[in-house]
Each structure stands twice: as C-alpha cells, then as structure tokens.
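Input sequences plus hints: build the corresponding full structure.
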Amino acid sequence: MMPRALIILSLVVLTACGARQDTTDRDTNLRQLRNPTGTPEEFSIVPPKPLEAPESLAELPTPTPGGTNRTDQTPLKDAVAVLGGAPSRLEAGAGIGAGDQALVARVSRFGRDPNIRAELAEADQKFREGRSLFNWRLVPQDTYNRIYRNQTLDPYATLEAARRAGALTPSAPPR
Numbered sequence: 001m002m003p004r005a006l007i008i009l010s011l012v013v014l015t016a017c018g019a020r021q022d023t024t025d026r027d028t029n030l031r032q033l034r035n036p037t038g039t040p041e042e043f044s045i046v047p048p049k050p051l052e053a054p055e056s057l058a059e060l061p062t063p064t065p066g067g068t069n070r071t072d073q074t075p076l077k078d079a080v081a082v083l084g085g086a087p088s089r090l091e092a093g094a095g096i097g098a099g100d101q102a103l104v105a106r107v108s109r110f111g112r113d114p115n116i117r118a119e120l121a122e123a124d125q126k127f128r129e130g131r132s133l134f135n136w137r138l139v140p141q142d143t144y145n146r147i148y149r150n151q152t153l154d155p156y157a158t159l160e161a162a163r164r165a166g167a168l169t170p171s172a173p174p175r
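Per the working numbering: the sequence shown ends with 175, consecutive numbering throughout.
For the record, the hints were derived by calculation from the structure and aren't laboratory data. You can take every hint at face value.
Label pairs and their computed distance ranges (CB to CB):
(1) L83 - G166: 41 to 47 Å
(2) I96 - I8: 57 to 63 Å
(3) R131 - A172: 27 to 33 Å
(4) A157 - G67: 45 to 51 Å
(5) L153 - I8: 35 to 41 Å
(6) P75 - V107: 31 to 37 Å
(7) D78 - A5: 53 to 59 Å
(8) Y156 - R70: 48 to 54 Å
Beta carbons: idealized from backbone N, C-alpha and C, even for Gly.
Structure representation (structure tokens):
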C-alpha cells in the first residue's frame with residue numbers, strides 16, 4: 001500500500017512542478033489549440049504545387065505583394081473544381097455578398113459601430129484580467145471555460161423552460 005501512495009504523491013509533485021505556458025498573449029492562449037513547443041506542427045506542413053516554367057518570361061504575372069502564391073495548395077478550391085463547381089466563388093470579394101446584404105441591412109437598422117470588435121476585445125481583456133488575479137492552479141485547466149463558467153447557459157434547463165412554455169422542441173441527448 002505504501003509504494004502506491006508514494007507513486008501517486010510523486011506524480012502530483014511532478015505535475016505541480018511542470019512548466020506553465022506563457023500567458024502574456026492572453027487573446028490567443030485561451031483555448032491553447034496551438035503547438036506550445038515552438039516546433040513546426042508536422043501535420044500542418046503541406047508541400048507546395050510543382051513549379052511550372054512559362055514558355056516566355058513575358059507571360060509571367062505581375063507580382064502581388066501580400067497575395068497568394070501560384071504554388072500554394074488550395075484543397076477547398078480543388079475539391080469544388082473536381083465536383084463541377086466554380087472555385088472562383090470561394091474568393092472573398094470586396095464588400096458584402098449579395099446573399100448577405102438583406103441580413104446586414106436588417107441587423108444594422110438601428111446603426112452599427114465599425115469599431116465594435118476592438119471595443120469587445122478590450123472589454124473582454126479587462127474582464128479576464130480581473131478574473132485572473134489569483135490564477136494559479138495545481139492542474140492546468142482550460143482558461144476560457146474557467147473564466148466564463150458563470151456566464152454559460154444550461155442547455156437542459158433552457159430546454160425544460162421552453163417545453164413548459166409550450167414550445168415544440170426536438171429531442172436532446174441524455175445528460
């Protein structure tokens with residue numbers, strides 16, 4: 001019995017002594033979905049398309065700084081082309097697309113703030129900093145879920161409230 005307790009205690013001590021990730025970049029470190037080691041992610045490396053030499057150098061397109069490279073992989077566009085679609089429709093155009101203009105007009109009928117993203121990011125940063133004064137943990141947790149735990153919606157309570165109010169609701173998975 002003693003060796004088992006000693007092993008558990010040593011695992012707890014080793015876990016507590018582990019290095020924490022850098023928390024200076026709080027906006028991108030909420031979910032911690034990136035590779036924290038600083039090494040390349042082996043599954044995200046995609047080989048480029050093969051280079052093609054034109055018949056003459058006059059056929060070369062003009063450079064587009066910040067634009068796409070002709071040898072970059074475009075798997076979504078390639079799939080659309082193979083299935084008979086128009087890959088050019090996947091490119092983001094300037095302005096609001098025709099399918100979304102009615103939606104944007106409706107939601108902005110009382111006006112809209114073009115700086116809303118910056119304001120919300122600043123308010124969110126202040127909120128998270130206020131919640132992380134004593135932010136050390138023995139076992140690492142998902143920072144985002146821990147900070148916003150009190151603001152989450154209980155889906156089953158909401159479902160029951162909607163059913164009590166007489167709304168037709170689909171079935172839900174068990175708890």
